[in-house]
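**Student:** Sequence:
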Amino acid sequence: MLLRLNLFLLYFTFVKTDSVEVDLNFQEKFAQGENLYKELVKKSYGSCWKEALSHLHFSCKHLTEEIQSRLALSFTNCFLEYSGSETCPCPPESSIKYCLKTSSDRVFSTYTEFFTHTQSICHYLQHREWQEQTHKTVAMLTENSEIVSKKLDESRKTQSKILDMQQVSVLEQRRLISNGKSLNMELAKSRSQARYAFDEFKASTNEQKHLIFEIFDRVKGLQHFVLGEFTSVYTFAYYFAGIFIIYLITSVPQTASARIWLLLLKSGNVVLERILVSYNIDEEMLKLF
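Using mature numbering (1 follows the signal peptide of the UniProt record, and there is no 0), the letters of the sequence shown correspond one by one to residues -17 to -1, 1 to 272.
Think of the hints as simulated: they come from the structure by calculation, not from any bench. Misleading hints may appear alongside valid ones.
Each pair of labels, with its calculated beta carbon distance range [as the list claims (entries may be wrong)]:
| id | residue 1 | residue 2 | range |
| --- | --- | --- | --- |
| 1 | 167 | 191 | 32 to 42 Å |
| 2 | 180 | 159 | 52 to 62 Å |
| 3 | 244 | 191 | 32 to 42 Å |
| 4 | 170 | 125 | 18 to 28 Å |
Here are the computed lysine-lysine pairs in the DSS-like style, where the Cα-Cα straight-line distance is at most 25 Å [unchecked claim]:
| id | residue 1 | residue 2 |
| --- | --- | --- |
| 5 | 133 | 119 |
| 6 | 44 | 84 |
| 7 | 140 | 119 |
| 8 | 134 | 144 |
| 9 | 44 | 33 |
| 10 | 44 | 133 |
| 11 | 133 | 144 |
| 12 | 192 | 172 |
Where is the CB? At the ideal position from N, CA and C, for every residue including glycine.
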């Protein structure tokens, strides 16, 4: 048992020591990457350098060996171009190895330095982005926690109000149960009174309905009389004038044979007009009822 405890303590010591070493190594890389990034940003080697810096963040997010090589070569060419030295152009369709194979020693040494620096810088940028994202997440969780806390407090208050209302409801239910008999009697009395009032209202409504129908019948009769008299006078005058005109037109021998047909047509118009007038009056009265 003592031997196992000693072995465990020894293992824990080694693991703790390795963890401290890894943490120190990480901090060193982070500090190195931060310093290198600040140096790159401070330098101003023209539009070429600014363009390489603009590609730095995107390239670090999708860092591969090929992307890192291209990024290091772009910084190398910008530095060499600024210093007036020979650059190493490498189109996208060409391999980095092929481009560096024909380059000078100065180009290769500068490329190697920027390749190492690029890895440290990307490590710093990714960790900084992770830290920013972590801070945002923690802030969001803190804010959400406060919101949830307020919601819980409001819920507690609401539940307390509901309990109070339930207690009041229970008291009211007990009071209603105790007064149930008197309430039933009152309800029966109310139903009887309501039924009596309904019967009275129904009888009164029927009387008013009969009275209204009687008034409408009289109005209808009066309307028939007035319209009939007015129409009769108008029709008499109109058709008298028409018959007179027919006699004038057919007084000559050429049109005498058409007199009887014109008189029959005029008489038919009189009958048809009377029928239509009577039908229209009935339709209007039906709409009123």
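**Student:** The structure should be examined with respect to each hint, and the outcome stated for every one.
**Tutor:** Hint check results:
1. Restraint check, residue 167 to residue 191: a C-beta distance of roughly 36 Å satisfies the suggested window 32 to 42 Å.
2. Roughly 26 Å separates the CB atoms of residue 180 and residue 159, a value that falls outside the hinted 52 to 62 Å.
3. About 56 Å separates the C-beta atoms of residue 244 and residue 191, a value inconsistent with the hinted range of 32 to 42 Å.
4. Distance hint check: the CB atoms of residue 170 and residue 125 are about 59 Å apart, inconsistent with the given range 18 to 28 Å.
5. Taken as a hint, the residue 133 and residue 119 pair is honoured in the structure, with Cα atoms around 21 Å apart against an allowance of 25 Å.
6. For the hint pairing residue 44 with residue 84, the CA-to-CA distance comes to about 28 Å; that exceeds 25 Å, so the pair is violated.
7. Proposed proximity of residue 140 and residue 119 is contradicted: the alpha carbons are some 31 Å apart, above 25 Å.
8. For the proposed pair residue 134 and residue 144, the alpha carbon gap of about 15 Å is at most 25 Å, so the pair holds.
9. For the hint pairing residue 44 with residue 33, the CA-to-CA distance comes to about 18 Å; that is within 25 Å, so the pair holds.
10. As the CA atoms of residue 44 and residue 133 are separated by approximately 39 Å, the hinted pair breaks the 25 Å bound.
11. The suggested pairing of residue 133 with residue 144 holds, with an alpha-carbon distance near 17 Å, which does not exceed 25 Å.
12. Only pairs whose Cα atoms come within 25 Å are accepted, and residue 192 paired with residue 172 is rejected, the gap being roughly 30 Å.
Against the hints set out earlier in the document, violations occur for numbers 2, 3, 4, 6, 7, 10, 12.
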